[in-house]
Amino acid sequence: MAGHLLKYLTDALGKFEYVYLTPLLRRPPTPQWIPLVVQAPEKLIEKDESFDIKSIFDGFLWGVPTCRRSVEKRMMRKYGAPNWHNKLILPRKDIKTCGTCGHNHEAGRLCPNCYSKVKAETSVLQEKMVQELGLDPIDKEIAIVYQGEETQFDDEFFKGKRVVQMEKPRPKWFSKNLLQRCGPNSDVNNSEHTIIKPHDLG
Amino acid sequence: MEILLRQFQTKSFLSICKCLEPAYSHATSWTSGNAMLGKTLFHTSNTVAMPYNPPKGPRKWPIYNKKIFAPQLPGEERRPAYVCHMRTNIKYSPFKMWYVASMIRGMSVDEAIKQLSFVNKQGAVHVKEVLLEAQKLAVEKHNVEFKSNLWVAESFATKGLVMKGIRRHAKGRVGLVHYFHCHYFVRLEEGSPPAHFFFETAPKTTKTLLSEWVDEMRQRRIPGSL
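Protein chains in written order, with my numbering: chain A, 1 to 202; chain B, 1001 to 1226.
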């Protein structure tokens, strides 16, 4: 009978605490049946109202696509656009045919086939110059004389020049008139200069 | 170049190399011995126990050259001669080869060779070589009279061998590396090229322009109407 009364009093006290004290204390009451070992957390997990779905990428999902590439974007990347960056290789309209050899070359550039001949001849000339003149300082002009041209030049021509004699005949495309200076200081109307006719150009 | 051929771990090295060279492969064959070229004649592999590896790679394209047509009827238009040629397992990506192959479609052979000489791509070198070979074949074996009287009817590239390798990234991560090969196919047809190979680039006739304009006008609607 005393135990029953005691139980009744403790229940009443608990109810009194629950109703009047918990609002004052602002914490939920610890239930009497939970052992003291397990402690309820002081602070519950707060629900943040400003949660951004994109925060899942802050972790490990770096460098992965977030949106599917549309077909328009794919087409632009692959084929380009005429007004943007044209990825298609268009046929070129600036390819010319060389009149001398018949090979093709880009407009505004020398024909590689013809130029290769010029380069070869230049290297031969340079070798001959090094052979005859060596590494002497370049203080005079060089006169290149091909096979069979010695009689065409007089001694005055060779005055003040170093002569390089070539054993081979002059190439057909190597014109003699390249050595004639033409510029603002040249005197074209000078009587000393002879007018070279087309057939003498080599 | 770090290549881990995991799937070939059980096979011998020589059998791997033999697998990788199909019938008309452009990749040079260094697995077979040839005394003339200074290579060994003795067998370096087991000739009895090795499994039969069938030739891999495309083989049907040149078979079109062997097709025999029925004799043509008297009034029928003369069928133009054609030659199909290809080059397999070119060490070049098929995605990049597409641009070169599509450029020359519908061009005459001379024009195509001229244009390819000035294209700054590695694939252009291969395509040009294939075109020259095909031109030669056409004249020698396919009854084509003039080598300039040919045009590119078909020109396309497909995926060939793909070797997979591994590369390092930061923080211990790995990446896959693909080493692409491609096959290039071309069909040259006798005759002058058509005026407009692509329907879309051809200029529209006044009749089609008019019909399209009329359709556009008829498609107009008042928004929000019944």
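Hints may contain errors.
Pairs of lysine-lysine, PhoX-like flavour, derived with a Cα cap of 25 Å [what the hints assert, rightly or not]:
| no. | chain 1 | residue 1 | chain 2 | residue 2 |
| --- | --- | --- | --- | --- |
| 1 | B | K1066 | A | K78 |
| 2 | B | K1128 | B | K1141 |
| 3 | A | K54 | A | K78 |
| 4 | A | K117 | A | K168 |
| 5 | B | K1067 | B | K1147 |
| 6 | A | K96 | B | K1147 |
| 7 | B | K1128 | A | K96 |
| 8 | A | K96 | B | K1114 |
| 9 | B | K1136 | A | K87 |
| 10 | A | K93 | B | K1159 |
| 11 | B | K1159 | A | K73 |
| 12 | B | K1096 | A | K78 |
| 13 | A | K96 | B | K1121 |
| 14 | B | K1164 | A | K78 |
| 15 | B | K1128 | A | K87 |
| 16 | A | K78 | B | K1121 |
| 17 | B | K1096 | A | K117 |
| 18 | A | K119 | A | K161 |
| 19 | A | K87 | B | K1121 |
| 20 | B | K1121 | B | K1066 |
| 21 | B | K1147 | B | K1096 |
| 22 | B | K1114 | A | K93 |
| 23 | B | K1159 | B | K1141 |
| 24 | B | K1096 | B | K1067 |
The hints are simulated quantities; they were obtained by calculation from the structure and are not laboratory data.
Q: Just pull the numbers of the violated hints for me, sorted ascending.
A: Structure breaks hints 1, 3, 9, 10, 17, 20, 21, 23, 24.
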